[in-house]
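Undergrad: Sequence:
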Amino acid sequence: MKSHNNNSEFKKNIPMHVIHGTEQWYVEQGVDTVPGLNKRIADGTFLDLIKAADQRYDWYTETAAQTILESPNPIRLVIIAGPSSSGKTTTTNKIAERLQKKNLKLIPMVLDNYFFDLEMHPKDKYGDYDFETPQALDLPLINKHLGDLLAGKEIRMPIYDFKTGLRQEETVPLHLKEDEIILIDSLHGLYGPMTQSVPVENKFRLYIETLSQLRDINGEWTRWTDIRLLRRMVRDSWHRSYSPVATIGHWHYVRKSEMKHIVPFITETDFVVNGALAYELPIHKKYSFGDLKEAIDKFRDDPGKQDAYLRAHRVYQLLDTITMVEDDSCVPRRSLLREFIGGSDYKY
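For what it's worth, the working numbering labels the leading residue of the sequence shown as 1, then goes sequentially.
Honestly, the hints are just simulated from the structure, not real lab data. Beta carbons are placed, not taken as given, at the ideal position from N, Cα and C, and that holds for glycine. Mixed in with the good hints there might be a few duds.
No more than 35 Å apart at the CA atoms, straight line, and that leaves these computed lysine-lysine pairs for DSBU-like [said to hold, decoys possible]:
1) Lys347 x Lys260
2) Lys11 x Lys260
3) Lys256 x Lys347
4) Lys102 x Lys51
5) Lys123 x Lys51
6) Lys51 x Lys305
Estimated spans, in silico, between C-beta atoms of each pair [what the hints assert, rightly or not]:
7) Arg156 x Asp320: 46 to 56 Å
8) Gly219 x Lys286: 21 to 31 Å
9) Lys177 x Pro35: 52 to 62 Å
10) Glu9 x Lys256: 25 to 35 Å
11) Asp128 x Asn103: 42 to 52 Å
12) Pro173 x Asp43: 52 to 62 Å
13) Glu169 x Ala42: 48 to 58 Å
Using the sequences provided together with the hints, build the complete structure.
TA: In structure tokens form, the structure reads like this:
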């Protein structure tokens, strides 16, 4: 499939065409710096920023759906891939809505259900479980199920319980009809062995990342991974019964896996979505500022957790310069941010 022109230019695995357009938008909105972002809160135009940022994100999902519909090849599998907490699930939901308006039915295949039981997960020398490697997923079963679905067979999709760390005995029957396609959102969706049973010409591969173009008070770019860490800290606490401090301590696995199994494949995608929201850091501060301070204190003198300490310290310093927005009712219920802070109209 010919790539859409929004990801035609790459430099060190960075989609420069998307970056240039995003930087221009941030400047036009006056939020390319932390002082500029704080000004939007102070002058009462923060709600306007939320509306503009959400519209920009929605444009990506609408354009991606249209690209799928106009494909010269029959698309049997849509892959929504990207690093942890980039917004894959909301992007999947929004694209699904737009395709369904064209009477195209979608069959979601949630790869999180294919995790091995917790006791079978890889561990590091500290005994921590590594959820971020593709090998934590049952790759042979995923490929068998994909092949069976495309062959018109029914499968029994497993159900994984994150609270117990076990696959449940109950399964979900799935059958793919001619007017249906499989829809996968997974941080490892672009990992070759993940979907090798599906011909490449029958795939649409989308990559999403939080391509923020915000500079801090020292003129340094805000790191995309730090935005995603803040998202995951909140989501893990209410969705996976995982404390925010533990999420910080685990983040080195996330980055290691991203750099090995996700980022190198961005140039093989058909479309790139920017999942950054220019308004989210003031809202994250309410949820995570205290937890970052706790992580700093916990990891400061732990030689095995210096990555976690330095990361928590950096993000804490960034949020310390940003005006907090206490009331998050200003965030629409269909916003991508709701995937992480809760209160969404979508089900996750």
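Undergrad: Against each hint, give a clear statement of whether it holds in the structure.
TA: Checked hints:
1. Lys347 x Lys260: Since the Cα atoms of Lys347 and Lys260 sit roughly 30 Å apart, the hinted pair holds (cutoff 35 Å).
2. Lys11 x Lys260: Given that 35 Å is the threshold and the Cα spacing comes to 17 Å, the pair holds.
3. Lys256 x Lys347: holds (29 Å)
4. Lys102 x Lys51: holds (26 Å)
5. Lys123 x Lys51: violated (43 Å)
6. Lys51 x Lys305: Violated, because 39 Å separates the two Cα atoms, which is more than 35 Å.
7. Arg156 x Asp320: 46 to 56 Å: holds (50 Å)
8. Gly219 x Lys286: 21 to 31 Å: Given a distance of about 26 Å, which is inside 21 to 31 Å, the answer is holds.
9. Lys177 x Pro35: 52 to 62 Å: Distance hint for Lys177, Pro35 holds at roughly 54 Å.
10. Glu9 x Lys256: 25 to 35 Å: Because 27 Å falls inside the window, the suggested range holds.
11. Asp128 x Asn103: 42 to 52 Å: holds (46 Å)
12. Pro173 x Asp43: 52 to 62 Å: Once the Cβ atoms are compared, 55 Å apart, the range 52 to 62 Å for Asp43 and Pro173 holds.
13. Glu169 x Ala42: 48 to 58 Å: Given about 55 Å between the Cβ atoms, the range holds.
The structure is inconsistent with the numbered hints 5, 6, although it conforms to all the rest.
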